[in-house]
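Peer 1: Protein chains in written order, with my numbering: chain A, 170 to 281; chain B, -11 to 100.
None of these hints come from the bench; they were simulated from the model.
Be aware that a few hints might be false.
[To be verified] Pair by pair, the computed Cβ-Cβ distance ranges are:
| # | chain 1 | residue 1 | chain 2 | residue 2 | range |
| --- | --- | --- | --- | --- | --- |
| 1 | A | Pro183 | B | Pro(-4) | 36 to 42 Å |
| 2 | A | Tyr208 | B | Tyr38 | 38 to 44 Å |
| 3 | A | Pro183 | B | Thr53 | 30 to 36 Å |
[Claimed, not checked] Cut-off 30 Å, straight-line C-alpha distance, at most; resulting in silico cross-link-like pairs (DSS-like, lysine-lysine):
| # | chain 1 | residue 1 | chain 2 | residue 2 |
| --- | --- | --- | --- | --- |
| 4 | A | Lys171 | A | Lys236 |
| 5 | B | Lys6 | A | Lys171 |
| 6 | A | Lys225 | B | Lys86 |
| 7 | B | Lys5 | A | Lys171 |
| 8 | B | Lys86 | A | Lys171 |
| 9 | B | Lys45 | A | Lys211 |
| 10 | A | Lys236 | B | Lys45 |
| 11 | A | Lys280 | B | Lys86 |
| 12 | B | Lys6 | B | Lys45 |
| 13 | A | Lys236 | B | Lys86 |
If you're wondering where the values come from, they're calculated on a predicted model, not measured in any experiment.
Think of the CB as a built atom: it goes at the ideal place given N, C-alpha and C, for glycine as much as any other residue.
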Amino acid sequence: QKEVEQNSGPLSVPEGAIASLNCTYSDRGSQSFFWYRQYSGKSPELIMFIYSNGDKEDGRFTAQLNKASQYVSLLIRDSQPSDSATYLCAVIPSASGNKLTFGGGTRVLVKP
Amino acid sequence: EADIYQTPRYLVIGTGKKITLECSQTMGHDKMYWYQQDPGMELHLIHYSYGVNSTEKGDLSSESTVSRIRTEHFPLTLESARPSHTSQYLCASSEGHKTEAFFGQGTRLTVV
């Protein structure tokens, strides 16, 4: 079992709709959770981080963390064609020496 | 804004050559990472450093080696490049167990 799992997609959403991305992790003791966006040929860039159970909103993005179920999700509201990218979930597992571990990423396509 | 730099951005080199990919950060981060990523594929951790004189191999076996003699510098070396080493190499750094990792712009290596 991979430490961080994501559906590879592609997730196709119409412009203006909500894109919902999920990520599950295996280490129950994980403390820190991140969502990165990566455009084709570019480096990953941080969108959001979340440390506590619940929701965290930043503009059109909302991260949701449920430690009991060991999943973290990302909602993108009012999706735009410019949101088309691969979204990477990253976790710092408890026994990793604070080493950041990435999931395989979910490719999102926003269609005008 | 992230202050992490990779050189060169692009490198085309012949089989058998020795190469060093440079990565430097000015943020004083203790942790540094090297990832390998093929087009459209997931990030694979190949090397990790907790701090000066502390390195370990990542999840993906790599023939490359790294060193961490100074906090800000984390070079990656291939003693004898092969076409199978053709890929994008991404360097990142982070601090503590909660802060996000910042990525450099990457080095796209082609071995002919």
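Peer 1: Hint by hint, note whether the structure agrees.
Peer 2: Hints, verified against the model:
no., hint, result
1, A:Pro183 x B:Pro(-4): 36 to 42 Å, "41 Å, holds"
2, A:Tyr208 x B:Tyr38: 38 to 44 Å, "30 Å, violated"
3, A:Pro183 x B:Thr53: 30 to 36 Å, "48 Å, violated"
4, A:Lys171 x A:Lys236, "17 Å, holds"
5, B:Lys6 x A:Lys171, "33 Å, violated"
6, A:Lys225 x B:Lys86, "15 Å, holds"
7, B:Lys5 x A:Lys171, "35 Å, violated"
8, B:Lys86 x A:Lys171, "21 Å, holds"
9, B:Lys45 x A:Lys211, "24 Å, holds"
10, A:Lys236 x B:Lys45, "29 Å, holds"
11, A:Lys280 x B:Lys86, "35 Å, violated"
12, B:Lys6 x B:Lys45, "20 Å, holds"
13, A:Lys236 x B:Lys86, "16 Å, holds"
Hint check: violations occur at hints 2, 3, 5, 7 and 11; the rest are consistent with the structure.
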